[in-house]
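Colleague: The residues making up each chain are set out below.
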Amino acid sequence: MGESGSGRTLLARAILGIPEPNWSITADRMMWNNQNLMDMSQAERRSLMGKDISIIFQDPSNCLDPALEVGEQLIEAMPTNKSLPFWRRAKDKKLNAKNWLRKVGVKDPERLMSSYAWELSEGECQKIMIAMAVAHQPRLLIADEPTNQMELNTQAQIFRLLTKLNQLQNVSILLISHELEKVAQWCENLTVIYSGQVMESGPTASIMSHPYHPYTKALIETIPDYDESISHKALLPTLPGSPPALQHPPIGCRLGPRCPEAQKKCVHQPKLCHYKDRYYACHFPYELEQNNDDATS
Amino acid sequence: MGIFLIRRLNLFIATSIALIGVLFLATSLFPVSKTVALAGITSPSLAQAQQITDDYQLNSSELGQFIAYLKQRLSGNLGISTSSQHPVIDELAVQLPATIELITVASILALLLGVPLGVLSALSHNKLTQNSIMVITLTGYSIPVFWLGLTLILWFGIKLGWLPVSGQLNLLYQIKPVTGFMLIDTLISNSPYHISAFLDALKHIVMPAVTLAILPFTVVVRITRSAMTQVLSQSYIRAAEARGLPTRRIIMRHALPNALLPVLKQLGLMLGPFMSYAIIVEVIFAWPGVGSWLVSGIYQRDYTVIQGGILAVSLLIIFASILIEVIYTAVNPLSRKELYASH
Numbered sequence: 001m002g003e004s005g006s007g008r009t010l011l012a013r014a015i016l017g018i019p020e021p022n023w024s025i026t027a028d029r030m031m032w033n034n035q036n037l038m039d040m041s042q043a044e045r046r047s048l049m050g051k052d053i054s055i056i057f058q059d060p061s062n063c064l065d066p067a068l069e070v071g072e073q074l075i076e077a078m079p080t081n082k083s084l085p086f087w088r089r090a091k092d093k094k095l096n097a098k099n100w101l102r103k104v105g106v107k108d109p110e111r112l113m114s115s116y117a118w119e120l121s122e123g124e125c126q127k128i129m130i131a132m133a134v135a136h137q138p139r140l141l142i143a144d145e146p147t148n149q150m151e152l153n154t155q156a157q158i159f160r161l162l163t164k165l166n167q168l169q170n171v172s173i174l175l176i177s178h179e180l181e182k183v184a185q186w187c188e189n190l191t192v193i194y195s196g197q198v199m200e201s202g203p204t205a206s207i208m209s210h211p212y213h214p215y216t217k218a219l220i221e222t223i224p225d226y227d228e229s230i231s232h233k234a235l236l237p238t239l240p241g242s243p244p245a246l247q248h249p250p251i252g253c254r255l256g257p258r259c260p261e262a263q264k265k266c267v268h269q270p271k272l273c274h275y276k277d278r279y280y281a282c283h284f285p286y287e288l289e290q291n292n293d294d295a296t297s
Numbered sequence: 001m002g003i004f005l006i007r008r009l010n011l012f013i014a015t016s017i018a019l020i021g022v023l024f025l026a027t028s029l030f031p032v033s034k035t036v037a038l039a040g041i042t043s044p045s046l047a048q049a050q051q052i053t054d055d056y057q058l059n060s061s062e063l064g065q066f067i068a069y070l071k072q073r074l075s076g077n078l079g080i081s082t083s084s085q086h087p088v089i090d091e092l093a094v095q096l097p098a099t100i101e102l103i104t105v106a107s108i109l110a111l112l113l114g115v116p117l118g119v120l121s122a123l124s125h126n127k128l129t130q131n132s133i134m135v136i137t138l139t140g141y142s143i144p145v146f147w148l149g150l151t152l153i154l155w156f157g158i159k160l161g162w163l164p165v166s167g168q169l170n171l172l173y174q175i176k177p178v179t180g181f182m183l184i185d186t187l188i189s190n191s192p193y194h195i196s197a198f199l200d201a202l203k204h205i206v207m208p209a210v211t212l213a214i215l216p217f218t219v220v221v222r223i224t225r226s227a228m229t230q231v232l233s234q235s236y237i238r239a240a241e242a243r244g245l246p247t248r249r250i251i252m253r254h255a256l257p258n259a260l261l262p263v264l265k266q267l268g269l270m271l272g273p274f275m276s277y278a279i280i281v282e283v284i285f286a287w288p289g290v291g292s293w294l295v296s297g298i299y300q301r302d303y304t305v306i307q308g309g310i311l312a313v314s315l316l317i318i319f320a321s322i323l324i325e326v327i328y329t330a331v332n333p334l335s336r337k338e339l340y341a342s343h
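Those sequence lines, one after another, are chains U and R.
Count the first sequence with this note's numbering and you get residues 1 to 297, in order.
Count the second sequence with this note's numbering and you get residues 1 to 343, in order.
Hint data in this document are derived by calculation from the structure and do not stem from the laboratory.
Check before you lean on any hint, since a few could be wrong.
[Claimed, not checked] Cut-off 20 Å, straight-line C-alpha distance, at most; resulting in silico cross-link-like pairs (EDC-like, lysine to aspartate or glutamate):
| id | chain 1 | residue 1 | chain 2 | residue 2 |
| --- | --- | --- | --- | --- |
| 1 | R | Lys337 | U | Glu188 |
| 2 | R | Lys337 | U | Glu72 |
| 3 | R | Lys127 | U | Glu20 |
| 4 | R | Lys337 | U | Glu119 |
| 5 | U | Lys217 | U | Glu188 |
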């Protein structure tokens with residue numbers, strides 16, 4: 001998770017391999033199935049997309065071609081059943097598309113398939129996108145803010161659907177979001193990104209209870225605690241300032257100017273440290289010393 | 001959709017009546033007597049004069065005259081040509097198909113070459129390719145069409161001698177007109193030499209069509225390029241890539257149909273200049289179409305021919321632009337969204 005402009009979508013697109021022509025991607029290592037994604041040609045990457053790695057975007061209605069019926073695009077995305085003779089494949093694909101629509105919780109696939117993307121609601125479009133994404137039974141599904149601009153009811157449906165896919169279809173889901181509560185509720189592992197740098201990473205539960213990084217701590221504190229009464233017009237605790245412009249990021253730790261714990265040392269980029277199953281990038285992590293003390297005593 | 005079609009038909013009828021009204025007003029301004037301007041008979045006998053006065057209701061009010069004029073013109077009576085003494089409508093029936101043939105070939109040429117070049121220039125990230133395509137289109141856009149026509153004649157017609165410089169068909173061939181379109185007539189004709197006649201007609205149409213196609217070609221390239229660049233940056237193209245579709249399929253199936261819609265719309269707006277270019281080209285290449293006929297009519301003060309020619313050309317433009325708009329609405333599902341909202 002991370003706030004908008006922190007580079008989450010860029011990360012997702014870099015993993016999938018659909019950069020803009022003016023991007024250049026560098027990575028120490030980007031492995032998929034024991035193959036280095038960086039070494040693969042564009043065609044090989046493309047053959048992986050949609051089959052092994054799928055993505056659903058944050059603006060589903062814009063991600064469907066407005067000039068084609070939804071059904072045609074859905075059928076186009078369905079896998080071809082090679083065991084059938086070619087004249088029966090089209091029919092099979094159509095049947096397949098309808099089945100997938102039913103599986104993602106669409107009541108009337110016929111109506112949906114014969115309408116255009118702009119005639120449908122965001123929730124319906126997202127369900128169609130999910131149906132397209134999972135039709136090839138991918139191993140990794142990147143969900144880039146799948147419930148952006150949706151009302152709560154639809155959000156709940158989409159999340160239930162993703163959970164079901166995760167548990168029943170054996171799909172790993174990389175959920176990208178800016179809502180800490182959602183992430184905490186649905187995810188096993190959590191990575192916090194700020195301005196394109198990884199701040200902290202590890203199991204959700206342990207991060208939520210003991211954040212090491214000042215940024216994570218600040219984020220958790222912004223969740224209002226409904227148990228205690230908050231005084232009228234009280235300010236929620238937030239970090240001062242706003243995220244830096246990406247053309248001129250601060251030197252060293254990019255949180256530096258806003259960090260409550262920042263010291264002189266922070267102008268040097270902190271290395272990603274490893275402690276038990278947690279990773280963090282900070283010179284002055286919270287609670288670590290205390291934990292160490294506890295362990296030794 | 002039904003309401004939309006009726007509205008467009010309405011528009012067609014209203015514009016045509018307005019056009020005929022303007023022609024009617026212009027007729028009374030011609031520096032000859034009204035009977036001559038209307039019927040084209042220079043020295044009518046007493047009976048003919050009486051006939052014309054009756055037909056055009058010349059003794060009744062202006063409105064009555066206009067209604068009578070409308071009746072005559074719509075029933076196909078365009079008078080007779082002063083110079084050739086043939087009914088104007090018959091001459092028109094011979095000339096109009098030649099013009100339509102030339103325009104059709106030129107548009108097909110412009111689209112067939114322009115769209116792929118526009119797509120190519122939108123797809124390439126190579127500055128050299130992009131710039132050279134832009135240079136070509138800008139040059140084509142700014143070349144005066146009469147100069148281009150004369151240069152082509154000089155070069156390919158006279159110096160190299162590859163192509164015939166004027167006319168629609170070599171005088172050697174006698175092809176009976178059936179449809180009026182020379183390319184079709186030569187093909188379906190049952191004369192023993194119809195294949196060589198077809199090739200000859202093809203040779204004749206190359207230079208006028210190329211000259212006429214240059215302007216729409218450059219416009220098509222530029223619009224296709226900008227529309228394609230815009231479409232390629234849309235998220236549904238990203239999504240299609242992420243679904244693992246091959247690039248060719250994305251372009252043919254998702255990008256091109258969306259990008260061609262603005263091209264179609266722009267073509268509708270181009271019809272007026274296109275038609276006037278067609279007239280110039282016809283004069284240069286002595287193409288036996290409405291354009292050269294109209295221009296010679298103007299030189300000879302042949303008032304009925306002028307009226308008939310203007311009527312035919314304008315009706316053609318009005319009809320074609322409305323047709324293009326209807327096609328645009330029919331093939332563009334997004335425009336139907338606007339229709340939902342407006343009715």
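Colleague: State for each hint whether it applies.
Modeller: Hint-by-hint comparison with the structure:
Of the pairs offered as hints, the one joining Lys337/R and Glu188/U is violated, with about 43 Å between alpha carbons and a cut-off of 20 Å exceeded. The straight-line distance between the Cα atoms of Lys337/R and Glu72/U is roughly 19 Å, inside the 20 Å bound, and the hint therefore holds. At roughly 17 Å between alpha-carbon atoms, Lys127/R and Glu20/U fall within 20 Å of each other, so this suggested pair holds. Taking the CA atoms of Lys337/R and Glu119/U, the gap is about 8 Å. The hint holds against a cut of 20 Å.
Between Lys217/U and Glu188/U the alpha-carbon distance is near 18 Å, which keeps this suggested pair within the 20 Å criterion.
Hint check: a violation occurs at hint 1 only; the rest are consistent with the structure.
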